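K.L.:
Listed below, chain by chain, are the residues.
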Amino acid sequence: MQYKLSIPCSKSNLEKVRNFVSEALNDTQLEEVECHKIILAVDEVCANMMIHSNGCNPSKKLDISIEHVPFKQLEFIIRDTGKYFDIKGYHEPSMQEIVSSKRKGGLGLILVKRIMDGIEFSTEKNYNICKLTKKLNFEV
Amino acid sequence: MVEISTKEEADYCLIEVNGEVDASSSIELDDAIKAALEKKLNLLIDLQKLDYISSAGLGVFISYLEEFKENERKMILFGLQPKVREVFEILGLQHIIKMVDTKSEGIDAV
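Protein chains in written order, with my numbering: chain A, 1 to 140; chain B, 1 to 110.
Be a bit skeptical, because a hint or two may be false.
DSSO-like mimics (lysine-lysine), calculated; alpha carbons at most 27 Å apart, straight line [what the hints assert, rightly or not]:
| no. | chain 1 | residue 1 | chain 2 | residue 2 |
| --- | --- | --- | --- | --- |
| 1 | A | 72 | A | 37 |
| 2 | B | 39 | A | 16 |
| 3 | B | 40 | B | 83 |
| 4 | A | 16 | B | 69 |
| 5 | A | 37 | A | 16 |
| 6 | A | 4 | B | 49 |
| 7 | A | 88 | A | 61 |
| 8 | A | 11 | B | 69 |
Looking from chain B toward chain A, a few residues come up when the C-beta cut is under 7 Å (computed) [what the hints assert, rightly or not]:
| no. | residue |
| --- | --- |
| 9 | 16 |
| 10 | 18 |
| 11 | 23 |
| 12 | 24 |
| 13 | 27 |
| 14 | 28 |
| 15 | 51 |
| 16 | 59 |
| 17 | 62 |
| 18 | 65 |
| 19 | 81 |
| 20 | 83 |
These are computed hints drawn from the structure, not numbers from a lab. Quantities reported herein were computed from a predicted structural model and do not represent experimental measurements. Each residue gets a CB set at the ideal place from its N, CA and C atoms; glycine is no exception.
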């Protein structure tokens, strides 16, 4: 099953992103806590792309698609035409660094990496693409 | 969308957070904690009605840890729903932020 959403890059639209992901997860039989974590991971990536890649410019859009392969995996594709994020150049800060610097940012990608099974950034034509994957492990 | 209310008690300040704290609403949580810190009181934060928090909200709590320490004041969170507590625990924040189950436990801890 596939689900699609296209929204302007405005932080006020993050709630729409969460509702969209939540609806798509209805069919997965995942427990509430697990759904909550997946919704969070997608929200984090979308917030980063809206803020850092597109400067919260509402004339820019994020395209989000979700593919649910029952009992196997969920795949989330988030596309934009903003500034490319190079994950290879990303240094994950330690919690000690974040606390002592009194900074408010730097946690989003850590959460995404700990929640999802896969995170990839790529480019295709004029689009930046972030692909998140989550395996669905059900006992048979 | 989030609603935040602040109440000043004799020896602590109580902030109640209701709704969702994300990148668009974390500024409201930030303002409330900053105002409480300026009063030089211990801070109890009621999260029973917090349904969602993203890294932007977690970052607000973390950014004030040092200041509470420097001011010899405490910040204590209570009443987190399991799904919200799980988000804190993914980052191991239960080890650096004091979290308890009930308001009375929070009052005992300040």
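K.L.:
State for each hint whether it applies.
P.N.:
The hints, checked one at a time:
no. : hint           : verdict
1   : 72/A with 37/A : holds, 18 Å
2   : 39/B with 16/A : violated, 37 Å
3   : 40/B with 83/B : violated, 31 Å
4   : 16/A with 69/B : violated, 38 Å
5   : 37/A with 16/A : holds, 16 Å
6   : 4/A with 49/B  : violated, 30 Å
7   : 88/A with 61/A : holds, 24 Å
8   : 11/A with 69/B : violated, 32 Å
9   : 16             : violated, 20 Å
10  : 18             : violated, 15 Å
11  : 23             : holds, 4 Å
12  : 24             : holds, 4 Å
13  : 27             : violated, 10 Å
14  : 28             : violated, 13 Å
15  : 51             : violated, 9 Å
16  : 59             : holds, 4 Å
17  : 62             : holds, 6 Å
18  : 65             : holds, 5 Å
19  : 81             : violated, 9 Å
20  : 83             : holds, 4 Å
This entry does not satisfy hints 2, 3, 4, 6, 8, 9, 10, 13, 14, 15 and 19, going by the numbered hints stated previously.
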